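Protein sequences, first through last, are from chains L, S, A and E.
Just so we're on the same page, the working numbering is the position in the first sequence counted from 1, plus 831.
Just so we're on the same page, the working numbering is the position in the second sequence counted from 1, plus 831.
Just so we're on the same page, the working numbering is the position in the third sequence counted from 1, plus 831.
Just so we're on the same page, the working numbering is the position in the fourth sequence counted from 1, plus 831.
None of these hints come from the bench; they were simulated from the model.
All values reported here derive from a predicted model rather than from experimental measurement.
Treat each hint with caution, since some may be false.
Copies of the same chain look alike in the list, so a pair counts if it works inside one copy or between any two.
Taking lysine-lysine pairs in the DSS-like style, the calculated list, with each CA pair at most 27 Å apart, reads [said to hold, decoys possible]:
| # | residue 1 | residue 2 |
| --- | --- | --- |
| 1 | K891 | K949 |
| 2 | K990 | K1003 |
| 3 | K1003 | K882 |
| 4 | K1003 | K837 |
| 5 | K949 | K1003 |
| 6 | K973 | K1038 |
| 7 | K891 | K1038 |
| 8 | K882 | K1038 |
| 9 | K986 | K1038 |
| 10 | K1003 | K907 |
| 11 | K1003 | K986 |
| 12 | K881 | K837 |
| 13 | K882 | K837 |
| 14 | K986 | K837 |
| 15 | K1001 | K990 |
| 16 | K990 | K837 |
| 17 | K990 | K973 |
| 18 | K1038 | K990 |
There are 4 protein chains.
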Amino acid sequence: MLPYAKGKTIIDLSTISPTTSINLANNVFLNGGLMFDAPMMGTSVDVEQKKVSIIVGGPKDHFEEVRNLLSNTAGKIIYAGNNGMGLYMKLAGNMIFASFINGLAEAIHFAERAGISKDAITDLFLNISSTRSPASILKLSKMVNSNFDVQFALKHMRKDTEIMIREGQKLKVPLPTTSLISNLLKIAEGLGFGELDVSSIIELYRKGTP
Amino acid sequence: MLPYAKGKTIIDLSTISPTTSINLANNVFLNGGLMFDAPMMGTSVDVEQKKVSIIVGGPKDHFEEVRNLLSNTAGKIIYAGNNGMGLYMKLAGNMIFASFINGLAEAIHFAERAGISKDAITDLFLNISSTRSPASILKLSKMVNSNFDVQFALKHMRKDTEIMIREGQKLKVPLPTTSLISNLLKIAEGLGFGELDVSSIIELYRKGTP
Amino acid sequence: MLPYAKGKTIIDLSTISPTTSINLANNVFLNGGLMFDAPMMGTSVDVEQKKVSIIVGGPKDHFEEVRNLLSNTAGKIIYAGNNGMGLYMKLAGNMIFASFINGLAEAIHFAERAGISKDAITDLFLNISSTRSPASILKLSKMVNSNFDVQFALKHMRKDTEIMIREGQKLKVPLPTTSLISNLLKIAEGLGFGELDVSSIIELYRKGTP
Amino acid sequence: MLPYAKGKTIIDLSTISPTTSINLANNVFLNGGLMFDAPMMGTSVDVEQKKVSIIVGGPKDHFEEVRNLLSNTAGKIIYAGNNGMGLYMKLAGNMIFASFINGLAEAIHFAERAGISKDAITDLFLNISSTRSPASILKLSKMVNSNFDVQFALKHMRKDTEIMIREGQKLKVPLPTTSLISNLLKIAEGLGFGELDVSSIIELYRKGTP
Chain L
832 MLPYAKGKTI
842 IDLSTISPTT
852 SINLANNVFL
862 NGGLMFDAPM
872 MGTSVDVEQK
882 KVSIIVGGPK
892 DHFEEVRNLL
902 SNTAGKIIYA
912 GNNGMGLYMK
922 LAGNMIFASF
932 INGLAEAIHF
942 AERAGISKDA
952 ITDLFLNISS
962 TRSPASILKL
972 SKMVNSNFDV
982 QFALKHMRKD
992 TEIMIREGQK
1002 LKVPLPTTSL
1012 ISNLLKIAEG
1022 LGFGELDVSS
1032 IIELYRKGTP
Chain S
832 MLPYAKGKTI
842 IDLSTISPTT
852 SINLANNVFL
862 NGGLMFDAPM
872 MGTSVDVEQK
882 KVSIIVGGPK
892 DHFEEVRNLL
902 SNTAGKIIYA
912 GNNGMGLYMK
922 LAGNMIFASF
932 INGLAEAIHF
942 AERAGISKDA
952 ITDLFLNISS
962 TRSPASILKL
972 SKMVNSNFDV
982 QFALKHMRKD
992 TEIMIREGQK
1002 LKVPLPTTSL
1012 ISNLLKIAEG
1022 LGFGELDVSS
1032 IIELYRKGTP
Chain A
832 MLPYAKGKTI
842 IDLSTISPTT
852 SINLANNVFL
862 NGGLMFDAPM
872 MGTSVDVEQK
882 KVSIIVGGPK
892 DHFEEVRNLL
902 SNTAGKIIYA
912 GNNGMGLYMK
922 LAGNMIFASF
932 INGLAEAIHF
942 AERAGISKDA
952 ITDLFLNISS
962 TRSPASILKL
972 SKMVNSNFDV
982 QFALKHMRKD
992 TEIMIREGQK
1002 LKVPLPTTSL
1012 ISNLLKIAEG
1022 LGFGELDVSS
1032 IIELYRKGTP
Chain E
832 MLPYAKGKTI
842 IDLSTISPTT
852 SINLANNVFL
862 NGGLMFDAPM
872 MGTSVDVEQK
882 KVSIIVGGPK
892 DHFEEVRNLL
902 SNTAGKIIYA
912 GNNGMGLYMK
922 LAGNMIFASF
932 INGLAEAIHF
942 AERAGISKDA
952 ITDLFLNISS
962 TRSPASILKL
972 SKMVNSNFDV
982 QFALKHMRKD
992 TEIMIREGQK
1002 LKVPLPTTSL
1012 ISNLLKIAEG
1022 LGFGELDVSS
1032 IIELYRKGTP
C-alpha cells in the first residue's frame, strides 16, 4: 500500500495517535522503508529560538541518522524507544500540561474570588508555589489579565486530550482527571473559547460562577 | 469570649479554614487584640533550610511587627491582605499543587503502561516538559521508584482539598478538578495509602488498571 | 439555650444538614424537649395530592405521636432511625435524583445530537429503558421540549448537593459523581439557569457543544 | 469487499460502534444488500420472558420485513431511524443506565455509612424515591446484600461507556459524567470486580472509604 516508501526514511513530526503511527510504520517497513515518529515539544518561545525538543520513536540502529537530520531544527533530540514511543511521550507531556493549565485556572480563579490582588496572585504562582515552571511563566499573566492571544489554541488542547483518552482506553489506564479536563475544554469551546489560547479555560470558571 | 487576647498580637501559623480564621480574628479584635493568619508554604526541604514562605493576612498597619517577628523563621514573608487572605493564598497554592501531583501521577502511569523507560520518563518530566518545577524534582523519583516516604501525607492533602471545597462552596466558585482529586485521594486513602506521601496517589492508577 | 423547648415536641420539616439537626436535637433534649427531623420527599405533584412521604428521625418511643400529627399531611410516614436519620435518608434520596436527572440530560443530549427524533427519545426513556420511573415522567418532556418551568429550582438542587458533600466529608465516603454534578450545576447556574427547573441542566450540555 | 451481501438483508443484533455499523451498512449497500443495526435492550429477566426490546436502524421502507423476522424474539420492536440510529439509541439507553447504577451505588453507600438500616434503604430506593424503576428492582438488593452474581458484567458496562465516549468525541457532545463513571468502572475492574455484576461498583465506594 505504500510502495513509494521503499528505501526511504520517513520522519513524521506531527502529533497523531501512537496506534495509527505504529500501524503506519509497520506498513512502511513491509514496503522496504523506515519510519520514525518525531513529535515536537516546547512552547512557542522555544520554537522561535530553535530550542524545541524532538522526541523520536523508531528503530534504534537508525536513530543517529535521524538525529543528524533534525539537529538544526531542535535544541534537544531524545530517543524514546520503538515506533510510537515518541508520540506516547508527547502525549504524556501534554497530559501533565493540560492538568497544570486547568489546575492553574481553577486556583487563580479561586484566589481572585477570595479577594487576593493580581500582584499577590502573580507572586504566589510565579515565585512561591513549588509548581512554578516555564508553563506558569508562559500562561499566568495571560490568565490574570485575560489576554488570550493564541499560543496553543484551546480546541487543539481538547483534541489532544481526546487522543490521550482513546489511547488510554487501549492501554486500559484510568484517566479520570484528563477525561474531566477534556470535557471542560469542550464545554469552554461550546461557549466560544475554542480559537483562543488554552489559558482561556479560566473563563469557564469565571462564567460558571453564580 | 477571648478576654486573654487583650493587647496581644496572635499569629496563627496553622492551615485552617479562612472563614474560621476571619471569625476568630474578629473576636480577638473585639477583645482588644490583633490576629494574623500566617500559614507557611514550602517543601520539607525549604523548612530544613529556613527558606519556607510565610503568607500573612491581617491588619496592614501592624504587618511590619509580624514580619520582624517571623524574619528568622522564613525565607520570604508576604503580605496577602486582610484577615483570611493568607489562608486563601495558601489554599490556592495547595490547590495547584494537588492538581499538579495528581496530573503527574496520571501522566507518569500512562507513560509507564505505554512502555516508556524510567529514564525517558524522568527526562521528560524533569527536563523537557514546560511544567518542570521544584515540585517535579521533589516528587518524580518518588513516583517512578515507588518510594513513598512521607514528605506530605496523602491524608493531609485530602483534608486540605476538603477545606478548599467548603470554601469554594462559600465563594460559589466551581472546583470540578479539585473535587475530583479530593475524591480520588479519599479512595486511595481507603485503599491504604493515607499515611504515605501524597505522591502515592499514583498507586491508585496502578491498582486501578485491569 | 433553648429554654422554650421544655416539654415541647418540635418537628422540623425542612432540609438542613443532619449534623446541624442532631446538634439542635441534643440541645432541645437537654432543655427538656423532644425534636424530630421530618423532611418531606416527593414531587410537586405528590405535594398537591397529599401523597408526599415524610421521613422521620428521632426518639422511636415517641414516633407514634409524630405519625399521628403528620398523618393528614402525608401519604406515607416512615421511621428512619435516631435524630438526623430522616435527613440522611432525604439526602440519599436527593443524591440518586441528582445523578438521575443529570444522567438523563447527558443521555438525551447525546441522542439528540446523534439525530434521534424527539418521539423516539421519548419512547426510549419513558417506555424502553429499565430506568423509566416517576422522575422520568416528570422531567423528560421538560428536557426534550426545553420547558423549564420550575418544579425544583436548579440552584436548590445545587445547594442540596453541597450539603451532601459536606456530610460526605464527615462520613468519609467518596462522592465523586455527586461532586462533579454539584460543580456542573454551579456552572449552569453561572450561565443563568439557577432559577429554572433543575432539568435545565441539559442546557449546559447543549451550550457546551462546539 | 462484501460480495456475498448481494440480495441479502443482514440484521446485526450486537452492540458495536454506530460509526462502524454505518460504514459497514454503506459497504453492504454498495454490494447490493441491505443492513440493519438491531441491538437489544432489556434486563436478563426480559430476555427470558421474550420481552426484550429491539431498536432498529436502517432503510425505513424495508423495516416491516425486519419487524416480521424479529417479532418472535422480542416484546417490542422500534424503528429508530437510518443506519446507526438503533445503536445510538442503545448507547443512550445504556448511558442513563450507567449513570443510574453508579448513582445508586454512591447514594446507597452514603446511606449505609450514615447508619440507615438495610430495610429503610430498601424502602427509600424501591418505594419512596421518584427514581424507583425496573433497574432499581433489579439491582438494589444486589447492592445492599453484596450479591454480585452476574446479570451484566461490570467490564462490559465499562466497554460500553468507552464506545459512548468515542462516539461522544465524534458528535462533539460533552460527556463529563459518563467519562467519570467509565474511569470509576475501570478502577473497580483493576481492583478485581470486572467479572462480577455491574452493581459491584458499590464495592469501589466501600473500599474507597478510609
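Verification of the hints:
Taking identical chains as interchangeable, the C-alpha atoms of K891 and K949 lie at most 27 Å apart only when they sit on different chains, with a minimum of 17 Å there against 49 Å within one chain. Taking CA atoms no more than 27 Å apart as the test, K990 paired with K1003 passes in both settings, with 20 Å inside one copy and 10 Å between copies. Within a single copy, K1003 and K882 get their C-alpha atoms no closer than 34 Å, and across copies no closer than 35 Å, so neither meets the 27 Å cut-off. Taking the shortest Cα distances, K1003 and K837 never come within 27 Å of each other, neither inside one copy (35 Å) nor across copies (39 Å).
Taking the closest pair of Cα atoms, K949 and K1003 come within 27 Å of each other only across two copies (20 Å); inside a single copy the shortest separation is 42 Å, beyond that limit. Proximity of K973 and K1038 under a CA criterion of 27 Å is satisfied in both settings, with 17 Å inside one chain copy and 25 Å between copies. In this assembly of identical chains, the alpha carbons of K891 and K1038 never lie at most 27 Å apart, being 49 Å within a copy and 32 Å across copies at closest. Taking the closest pair of Cα atoms, K882 and K1038 never come within 27 Å of each other, the shortest separation being 37 Å inside a single copy and 38 Å across copies.
Taking identical chains as interchangeable, the C-alpha atoms of K986 and K1038 lie at most 27 Å apart whether they share a chain (18 Å) or sit on different chains (16 Å). When the C-alpha separation of K1003 and K907 is checked against a cutoff of 27 Å, the pair qualifies neither within a copy, at 31 Å, nor between copies, at 36 Å. Taking CA atoms no more than 27 Å apart as the test, K1003 paired with K986 passes in both settings, with 25 Å inside one copy and 11 Å between copies. With identical chains, the CA atoms of K881 and K837 are never at most 27 Å apart, being 31 Å at best within one copy and 58 Å at best between copies.
Within a single copy, K882 and K837 get their C-alpha atoms no closer than 32 Å, and across copies no closer than 58 Å, so neither meets the 27 Å cut-off. In this assembly of identical chains, K986 and K837 lie within 27 Å of each other by CA distance neither inside one copy nor across copies; the values are 37 Å within and 43 Å between. In this assembly of identical chains, K1001 and K990 lie within 27 Å of each other by CA distance both inside one copy and across copies; the values are 17 Å within and 11 Å between. Proximity of K990 and K837 under a CA criterion of 27 Å is satisfied in neither setting, with 32 Å inside one chain copy and 39 Å between copies.
Proximity of K990 to K973 under the C-alpha cut-off of 27 Å is restricted to the intra-copy arrangement: shortest distance 21 Å within a copy versus 31 Å between copies. Taking the closest pair of Cα atoms, K1038 and K990 come within 27 Å of each other both inside a single copy (23 Å) and across two copies (18 Å).
Against the hints set out earlier in the document, violations occur for numbers 3, 4, 7, 8, 10, 12, 13, 14, 16.
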